[in-house]
Amino acid sequence: MTHATKAIYKLLLSDFVKISKVSVDDMLYDEHDIARTMEKIEVIDFHQTMEVNGIRFWCYTAGHVLGAAMFMVDIAGMRVLYTGDYSCEEDRHLRAAEMPHFSPDVCIIESTYGVQIHQPRIMRERRFTDTVAQTVSQGGKVLIPAFALGRAQELLLILDEYWGAHPELQHIPIYYASPLAKKCMAVYQTYINAMNERIQKQFEVSNPFDFKHIQPLKNIDEFDDIGPAVVMASPGGLQSGLSRQLFDIWCQDKKNSCVIPGYVVEGTLAKAIMNEPKEVTLLSGLVVPLNMRVHYISFSAHADFTQTSAFLHELRPPNIILVHGEANEMGRLKAKLITQFADQNVKVLSPKNCQTVEMFFKGEKIAKAVGRLAEKPAKEGDVVSGLLVRKGFTYQLMAPDDLHSFTQLSTGSVMQRQSVPYKGTFTVLRHRLQQMYEQVEAVAKADSPTLKVHGNLMVSHEGADYVILQWVSDPISDMVADSVVAMILKLDLQSMFGGGERVKDARLEKDEIRIVHSLLVSLFGDVTLDEEIQTLTVNVDETVAIVDHAKKGIECKDENLKERIKVALRRIQTALYPLDA
Amino acid sequence: MGTSVQVTPLSGAHSEAPLCYLLQVDGFRFLLDCGWTDSFDLALLEPLKGVAPTIDAVLLSYPDTMHLGAYTYAFAKLGLQATMYCTLPVHHMGQMYMYDHVLSRKAVSNFDLFTLDDVDTAFANSIQLKYQQHYQLAGKGEGMTITPYAAGHLLGGTIWKITKDTEEIIYAVDFNHRKERHLNKTVLENFVRPAVLITDAYNALNNQPQRKQRDQEFIDMILKVLRADGNVLLPVETAGRVLELILHLESNWAHQRLSYPVALLTNVSYSTVEFAKSLLEWMSDTIARSFGSSRENSFLLKYLKLCHDRKEFDELPSGPKVVFASMASLESGFARELFVEWATDSRNLVLFTERGQMGTLAKKLQAEPPPKIVKVTMSQKIPLTGEELQAYEEEQRLKIAAEQEVIPMEEDGHSSPKVKAVTGPLPLSVAEPGGGAPMNVEGLLATSEAPLHRQILIDGFTASDKTAAPMFPLYENPSDWDEYGEVINPDDYVVKEQELMDYQSSQPAPPAADGEENTDPEAEAILADRPSKVVVKDYTVQVKCALYYMDFEGRSDGRSIKNILAHVAPIKLVLVHGSAEATEHLRQHCVKNVCRDVYAPRIGETQDVTSDLCAYKVRLTERLMSSVLFRKLGDYEVAWVDGVIGSQEGSQESEGMLPLLPSETPPPHKSVFVGDLRLADFKQLLATKGIQAEFAGGVLRCGDAFAVRKSGGSQQLVIEGPLSEEYYKLRDLLYSQFYML
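Protein chains in written order, with the UniProt record's numbering: chain A, 1 to 581; chain B, 1 to 741.
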């Protein structure tokens with residue numbers, strides 16, 4: 001919200017808390033809650049652009065009341081304007097609602113006044129001042145029940161200026177009676193910059209909200225009810241409080257007037273007296289005749305149909321969503337707008353409460369190619385490969401090396417140096433590597449013999465009993481390195497047991513005889529294992545063959561069987577040690 | 001493809017002279033600041049003279065003399081026509097500065113470089129922006145956006161960002177990274193890698209004490225002097241840092257319940273404070289909050305007395321007091337007067353809160369050791385009396401008579417239109433001889449010595465309207481007729497708003513007139529231009545009072561500047577404003593630690609800082625995007641794409657924007673590790689995974705045999721160790737800190 005709104009927000013809610021403390025038991029919230037919300041509020045100045053998660057928004061002056069703003073929200077180029085309450089008419093202290101420079105895709109607009117048309121401001125002001133002047137010059141008193149903030153200040157400005165221009169009235173006091181009066185004025189005296197040129201011009205001379213002819217009035221006890229006077233008092237509905245107390249005192253005198261300056265809520269006394277009933281009930285319960293004259297002059301600053309229509313005509317949004325307005329009035333406005341924009345393909349919607357409006361927009365995603373990737377201007381058919389970086393709703397396309405230049409990100413790399421035990425000679429290793437890999441080059445390096453495998457992996461024999469593998473990580477190199485490591489390990493083991501000697505896995509060795517046993521069982525059926533002496537006895541149709549596992553010897557009378565067992569053992573051998581073949 | 005960018009310093013390069021730079025972006029000429037010194041030395045403006053008429057836009061960053069002092073003069077006399085852009089407070093406070101200058105000069109001399117009217121006209125030709133308002137330039141600057149950002153230092157202080165296409169140029173001088181009583185800190189740190197950053201080296205060699213300590217010392221020192229029955233003079237700028245000092249003093253006065261009078265003595269003190277009150281939106285969060293919660297405007301000052309002239313000031317209760325007086329340079333204004341009066345008393349203290357401008361009295365006094373004796377030239381304007389007055393009046397009469405003779409002659413000889421042309425400028429030419437142009441003609445007529453003559457003269461010529469037509473005038477009434485009769489103009493029959501607003505139209509005028517009298521009563525006196533003469537006297541002032549300087553300038557100090565620059569990391573950096581040593585020092589530092597392209601152009605030297613970056617835009621097609629998988633990394637999301645640039649067809653809307661289609665045969669690419677791992681963070685991670693790790697000589701030792709280190713200067717991490725299961729575990733953890741693409 002804007003700075004002024006925040007200040008007013010605090011005032012209003014605190015006042016509400018004070019009032020509800022007296023009368024209501026179940027309070028909606030208290031001062032503490034307000035203080036907590038205050039911390040949450042982020043202020044935004046008009047036109048200041050904020051960005052949250054890539055969504056940008058800013059606000060325009062909305063007229064209506066001090067600090068009122070229309071928000072424009074930009075989500076990846078799709079723009080929504082929310083007018084809130086707005087008024088296109090410049091008044092004494094506020095600017096008229098601003099016209100955004102471009103057309104939003106969606107405009108959410110208030111429809112409070114629907115198709116009604118206001119009387120020109122000048123006429124209203126004239127009626128107001130005439131009424132007031134007439135009443136006081138006949139010795140009557142004028143009561144203006146108004147809400148303490150917002151339109152009240154506008155009326156005070158009118159009165160102060162009118163009094164300034166009419167010296168003959170200056171002996172008649174004007175009171176601004178509200179417990180909030182002083183604080184409200186402090187807000188208005190401060191946020192001059194949110195007001196219109198006229199006020200700012202005056203401010204260069206003196207603060208126009210330092211009224212010359214208006215005095216604040218805290219409560220009725222301070223009020224000296226003698227002779228004509230003008231009192232602006234809150235609340236606006238005459239429910240209770242100062243305005244009601246004064247009304248009760250003054251309502252029977254026909255010299256007096258009551259000016260209702262704007263919208264009043266149904267069910268309040270103010271609404272009731274607008275129909276000028278013969279009698280009214282006082283707070284004390286007495287029923288008395290209503291002799292006081294009642295005038296209704298609306299100063300409420302909402303756009304009327306003329307303004308809404310002109311505003312939308314200039315703005316040209318393709319989608320209009322009507323909100324805030326009495327259903328019938330909104331319906332009439334909708335119908336009228338549809339006729340107005342009949343030939344322009346404009347959608348007008350008026351959703352009910354809690355009804356979601358869904359619209360789909362095809363966002364155009366534009367990426368900016370920068371840096372090395374964009375050295376040559378783009379032309380059809382070019383291949384573009386690189387990093388696509390998204391921040392909020394902006395895309396950048398760049399070469400990995402430029403990542404650091406254009407973003408806060410950086411690319412890193414991991415160099416790995418792994419030492420692998422190897423006791424064999426480097427020549428053997430080289431021989432095996434050359435057999436296995438396509439690219440193996442010797443690198444001239446002073447201290448140790450080094451090979452380069454697959455263009456990236458360096459294998460160097462730095463110590464007597466280990467080699468160093470060094471490479472810059474990437475998935476392919478990691479794989480190559482792993483296979484090289486496996487090969488070195490095997491070579492190393494082989495070299496330990498001398499040349500071609502089969503290298504036995506310890507675990508396998510232990511289990512070998514059992515595996516051989518079970519395999520023989522599946523082939524010959526009756527095979528017994530004697531683990532003690534490491535022999536297997538094969539019994540086939542009473543012919544017995546004894547296999548000495550350690551010595552690989554077979555004792556058998558039947559040559560045929562012996563041959564079969566020999567073949568079986570050889571196959572088992574290849575199955576167990578496939579690489580030895 | 002790229003945007004051409006050139007910077008030319010016009011003043012304030014390799015020196016602490018006022019700031020004024022020319023920035024050209026694709027031929028569009030920005031004037032960045034337009035400063036002058038308090039001594040208004042015309043020689044300083046030489047480089048600006050030739051350039052002024054060609055400027056397309058003026059961007060002002062602070063309201064003080066060093067940043068906008070010459071703007072008024074350039075606008076009035078040097079043919080500067082361009083629109084000026086500034087923030088609202090710079091506009092208001094800048095005017096205060098200039099008013100104060102004119103008024104304090106006029107009080108003592110025939111100051112004629114510019115007038116109050118010139119200030120008004122110059123500042124009227126401006127557009128006021130809000131922070132973070134993206135303002136799109138039109139016309140010649142089409143496609144360019146200027147955006148002000150909060151800079152700290154002074155109220156409304158601005159960092160300017162100029163954006164064109166892909167280029168971001170940032171002009172940030174005198175920013176403050178610290179939050180203060182009345183101002184928020186600068187947002188400069190939020191910018192990342194702008195194409196060009198123009199900044200100053202003014203404070204590159206300065207270091208500041210702790211703020212708390214300094215604040216305490218400040219109050220202690222003032223109180224010590226007051227308690228010893230001395231006066232404290234704080235020479236300050238009209239509407240700049242003084243706001244911060246006032247708040248500081250106010251809070252201490254309230255806290256310690258002090259009763260020593262405090263005064264703000266400038267020609268515009270009332271307006272300054274009044275503007276400050278209405279500019280809360282621009283101040284720090286603390287101030288906004290205190291107003292929000294308790295409705296207490298921090299600038300509703302309880303202790304400070306606002307004085308506009310010596311009379312008001314002298315009416316203050318006698319005894320020790322604290323006075324804020326303008327100008328900080330002691331070159332003119334009340335500060336200079338008070339200095340001359342108070343310097344001779346050893347009980348008094350002159351406390352400087354900012355460094356004096358070059359060659360000013362303030363600078364002399366701040367030297368180490370402070371001078372014992374200074375020569376001060378004081379001038380005074382005294383009304384003419386006796387013979388002198390008579391002589392002056394005689395002279396005036398002759399002048400007027402001469403003019404009168406000229407005009408009737410012309411009137412005789414020429415036709416009426418010509419006469420009108422002569423009568424037009426007449427009122428002004430009459431007003432002139434008073435010496436220095438007055439504020440307005442009415443003021444002059446109302447108060448001058450010989451109003452009758454002039455009144456009659458002007459009446460005579462306004463009446464000459466009658467002579468416009470040498471014969472009895474006949475006006476033809478050209479009325480149009482059509483088949484329905486005379487064509488009528490409906491406007492003629494509309495009830496005029498004017499008539500309805502009768503009481504209003506009469507209303508605004510009187511307060512305006514009152515106001516001028518209220519706010520500038522002394523202006524009236526000075527500007528009424530009673531015949532007067534200027535008397536210049538040289539004083540030799542024995543400086544017995546204590547002199548002290550405390551840094552309340554509210555600028556970032558050297559170390560923070562370096563940190564901020566390293567963080568912002570511009571691609572090209574231009575250094576301006578700062579003594580030659582400071583500039584060189586910062587340049588060398590930046591070349592080493594910030595970026596390669598650091599420039600420090602001299603006055604009049606045009607430095608090309610066009611970026612060698614190339615860029616183009618492509619449209620990302622739906623087809624491409626559907627196959628792209630983004631990975632989130634802080635604020636960014638990153639993905640690898642392989643694309644082919646498609647043809648223009650079918651996309652008439654986005655002109656010149658080629659679509660990017662997915663590539664059928666993606667070429668293989670080297671995998672990229674994205675991320676920036678700090679070893680300290682990695683150590684923490686290892687600790688959570690139960691792996692012992694500690695640093696030893698920049699190397700992170702993990703477990704028994706493994707080491708992770710950064711290899712010399714580059715971003716490359718090295719992991720070392722023997723082949724083992726742990727090695728792979730460690731490697732997996734390391735990989736998990738990067739995104740592999």
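Do not rely on the hints blindly, as some may be mistaken.
Straight-line distance between alpha carbons at most 27 Å, and here's what the computed BS3-like set of lysine-lysine pairs gives [unchecked claim]:
#1 LYS632(B) with LYS201(A)
#2 LYS391(A) with LYS729(B)
#3 LYS365(A) with LYS617(B)
#4 LYS40(A) with LYS617(B)
#5 LYS729(B) with LYS710(B)
#6 LYS632(B) with LYS368(A)
#7 LYS277(B) with LYS179(B)
Simulated from the structure, these hints should not be mistaken for laboratory data.
Each hint, compared with the structure:
no.: 1; hint: LYS632(B) with LYS201(A); in the structure: violated, 52 Å
no.: 2; hint: LYS391(A) with LYS729(B); in the structure: violated, 33 Å
no.: 3; hint: LYS365(A) with LYS617(B); in the structure: holds, 10 Å
no.: 4; hint: LYS40(A) with LYS617(B); in the structure: violated, 39 Å
no.: 5; hint: LYS729(B) with LYS710(B); in the structure: holds, 19 Å
no.: 6; hint: LYS632(B) with LYS368(A); in the structure: holds, 19 Å
no.: 7; hint: LYS277(B) with LYS179(B); in the structure: holds, 19 Å
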